[in-house]
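Colleague: Here is how the chains run, residue by residue.
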Amino acid sequence: MSFWIELAATGLITGGIYAVVALGLNLQYGLMRVMNISHGEFLMLGAYLTWLAYTVLGVNPLLSLPFVAVALFAVGVGVYWLCFRRILGSAPSVEVIEARSLLVGFGLMFLVQNLAYLAWGADLRGYAFLDHAVDLGGVRLMANRLVVFGFAVAASLALLALLRYTLIGKAVRAMMQSSTGAQLVGIDTATLNPVVFGLGLALAGVAGALLSMVYEISPGMGEPYTVTALIVITLGGLGSAIGSLLGGILLGLVEAFGMHFTSPSLKMLLSYGVLIAVLLARPQGLFKR
Amino acid sequence: MSAMTLAASLRITLLATLALAAMPWLLSDFALSLTLSCLMYTGLAVSWAMFCGATNYLSLATSAFFGLGAYVTAWAFGDLPYLAIVLLGGACAALFAALVGAAVLHLRGAYFAVITFGLGELVRHAITYYEKSVHHTVGRVVSDPPAAETVYLAVLAIAALAVCTALLVRHSRFGLALRGIGADEGRAETLGVNARLAKASAFALSAFFAGALGAAMAVRWTYIDPPAVFNPFIGFQTVLIAMVGGAQTIIGPIVSAIVFSLLTEFLRLRFPYMFLIILGAMLIVLVLYLPGGFASLIERARQRRRKANA
Amino acid sequence: MPDPVLLAAQKVTVRFGGLVAVDGVDFEVSPGELVGVIGPNGAGKTTFFHTLSGVLAPTSGRICVAGDDLTGKAAHVYAAQGVARTFQTPRVFKEMSAEENIRFGLEFAGRTRRHDHDAFEDAPAILDILGLAPMARLPAGGLTPARQRLLEIGMALGARPRVLLLDEVAAGLTHAELDDCAQLIRRLRDELGIAVIWIEHAVRVLMNYVERVAVLHQGRKIADGDSRVVAKDPAVIEAYLGEEVAA
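Residue numbers (the working numbering), protein chains in the order written: chain X, 1 to 289; chain U, 1001 to 1310; chain Z, 2001 to 2247.
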């Protein structure tokens, strides 16, 4: 019995990370139609920053979290200004914005990933943090995984609260529903876009920092998370923050149980199959009303 | 639009093809290999632009088509003559594209790009699973591959055919329909264009060449396994080459393919990470400042000259 | 014997989720008719046009073109059967020249259709009718909005239609331009023998040029007949109460 709970717990924890990453991507795409395919690379940067802080400066990874968030936020604003602002200003149609930002995203992916390879090499790196087991009523879980899950959920809920209750959150939601309408009531996209973009990357960075506590890191670690984030967004519905949260957790659970029943090599097949099936059958997502 | 007539363009293509056909007996092994690489990317980029340049779709399915063609070789080599395998590879890829197209071509923009990217990965993992569970193997060996000249001539023929097809399509009603779809699909439909049929046909046509190239090139790997032939990088590079050259033209991707193959050859093995960093930076700069590719620079200069003379 | 009715809508209903945009509308157009379709904002006129041209399939009801049931078929089938349309915001092919824009329709829907009139012969002829001949080689995206609107009509004419659906071609035109436009529309019917269905907000202008008018209100057809009679219909006047009857 506890075996199933542990499996479910693994799924929830992975799902929590997926949710955080997907939320960031969702915000960016929902608001600006920018499909930042390099999203995972910034997750990787967050992981490396945390690892560096721990191994070089001895900083507790949990303490690094806010710094990573702020750093990646700044990076996000910079990336937006350098790369995406121009596309949003000059493209003749939404499709062209999507296509061009996708291509720029690929360029960023090559750029960032290989800079990381150059800087730190291809070997796996890692550090040990809270890697002892905790007993919760008969279920044994690793302490670091519990912490990661807690922070992932906290970050997701914080973002959801931000979207729902703050003025800036309402502005974002308004923009996502109707860009023209939002601008007519005075919402300033020139300021909102970089902020949201930065927020998205900050979330990715935080996810990466959390992951570094549990897994080993490498420059190529980001890409699979981008793909998964895309699947989650598709499952949960574009523009639906709660959809990303639920979709992420659902996918984590599906993967955990799926991997147990079928061979691990089928995991990717399952993921891509799900993505394509959902895109075809219900392009607006499973959770959108 | 193209400054040359269709007949003139076809004539030049034919002459170039004949000249290139003599290369195996004139060039060193290294130079021939380099030319082969140029020809492969020319074929891939031109056939990609044939569909995506006109219709403004962003397809990352080239890797899937190429890999499928390569696996036709992996499965059929030895049982069928080389030429038949190449054609079969193209046909299988085209059929796959037609079936898939029926399901996904109503999507656009990033959705379409992502789904075509996912397709490549899906096919790769599907074949991996199939090979492992049904054939209990990871990869396949190509024993007794055809001579280098044969492979070269096959790839040359496919590339030349791709260019001629692209030229013919461009000057035909079919090409006009595709351009209308790219400009405003809904409008084109109300003017009589069967968009679904046109898109599926063009998608399948461009897939044929990618599949044929995959089948032809596969014999150069003596050991074929899914990660080798289903390489998403082939898809990215094709898109990059076509866009840098100018996806709306035919000469753009050709020139771009040549430049890229040379750059790849001289940089990639020596500085693998630096190469990708430069590639990435180039892609960003290009999309931001020259989305029509280099061919658009030439077109702009031509228009300026026209206005000055008017 | 060929069916005299060119285009017929039978109990056409269009529902978007909970919203009923078009509600059980019956409508017929015969050859040579010039019919206006008017109604206050949100009446469902453009949505109705979408069903008549195959752009949108009705939730229920039938659309028949010359007796053939084309309900649910793609827009290009409608075009091939002689139903051509313009859009409220001109959707010209911006990068192509004016002439190429018109030739587009001639290459596809217009190709299979016989034409009885020299005006449909080729793109230059159509440009002539519209007075756009001097702009033939210019890119469509560079034309003024008024000219783009004319080009829109030209593109539809390229499909050599039997029925032309015009969606608010007069929007934003000056008084003089409006009269020119209306006269052009009249000429299309009188000289080229095309049936025209014309949605218009500029009701007063339309009323002067059409013989018959149908009125939509909240998705339902509330009047359909001689323009002079409909103008005095109390239900029609009530529907427009509070609306600015633009001219």
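Please note that the accuracy of each hint is not assured.
Now the in silico label distances, taken between C-beta atoms and shown as ranges [what the hints assert, rightly or not]: (1) U:1174 x X:215: 48 to 56 Å; (2) X:89 x U:1281: 50 to 58 Å; (3) U:1081 x Z:2017: 36 to 44 Å; (4) U:1106 x Z:2121: 30 to 38 Å; (5) U:1031 x X:277: 16 to 24 Å; (6) X:81 x Z:2115: 52 to 60 Å; (7) X:188 x U:1300: 27 to 35 Å; (8) X:70 x U:1174: 50 to 58 Å; (9) U:1173 x X:89: 56 to 64 Å; (10) Z:2017 x U:1300: 24 to 32 Å; (11) Z:2142 x X:94: 30 to 38 Å; (12) X:57 x U:1133: 44 to 52 Å; (13) Z:2145 x U:1196: 49 to 57 Å; (14) X:89 x Z:2142: 15 to 23 Å.
Reference excerpt, derived from the structure (chain X facing chain U, CB under 10 Å, subset only) [what the hints assert, rightly or not]: (15) 63; (16) 67; (17) 110; (18) 170.
Bear in mind the hints are in silico, worked out from the structure with no lab data behind them.
Model, not experiment: these values are computed from the prediction.
Glycine included, C-beta positions come from ideal geometry on N, C-alpha and C.
Colleague: For every hint, state whether the structure bears it out.
Modeller: Evaluated hints:
1. U:1174 x X:215: 48 to 56 Å: holds (51 Å)
2. X:89 x U:1281: 50 to 58 Å: Cβ of residue 89 of chain X to Cβ of residue 1281 of chain U: about 21 Å, so the range 50 to 58 Å is violated.
3. U:1081 x Z:2017: 36 to 44 Å: violated (58 Å)
4. U:1106 x Z:2121: 30 to 38 Å: holds (36 Å)
5. U:1031 x X:277: 16 to 24 Å: violated (48 Å)
6. X:81 x Z:2115: 52 to 60 Å: With a Cβ separation near 56 Å, residue 81 of chain X and residue 2115 of chain Z satisfy 52 to 60 Å, so the hint holds.
7. X:188 x U:1300: 27 to 35 Å: holds (34 Å)
8. X:70 x U:1174: 50 to 58 Å: holds (54 Å)
9. U:1173 x X:89: 56 to 64 Å: For residue 1173 of chain U and residue 89 of chain X the Cβ distance comes to about 36 Å; the hint is violated.
10. Z:2017 x U:1300: 24 to 32 Å: At 46 Å between Cβs, range violated.
11. Z:2142 x X:94: 30 to 38 Å: Cβ of residue 2142 of chain Z to Cβ of residue 94 of chain X: about 23 Å, so the range 30 to 38 Å is violated.
12. X:57 x U:1133: 44 to 52 Å: holds (49 Å)
13. Z:2145 x U:1196: 49 to 57 Å: At 32 Å between Cβs, range violated.
14. X:89 x Z:2142: 15 to 23 Å: holds (21 Å)
15. 63: violated (32 Å)
16. 67: violated (26 Å)
17. 110: holds (3 Å)
18. 170: Violated - the Cβ of residue 170 of chain X stays beyond 10 Å from chain U, reaching only about 26 Å at its closest.
The structure does not agree with the numbered hints 2, 3, 5, 9, 10, 11, 13, 15, 16 and 18 stated previously, though it agrees with the rest.
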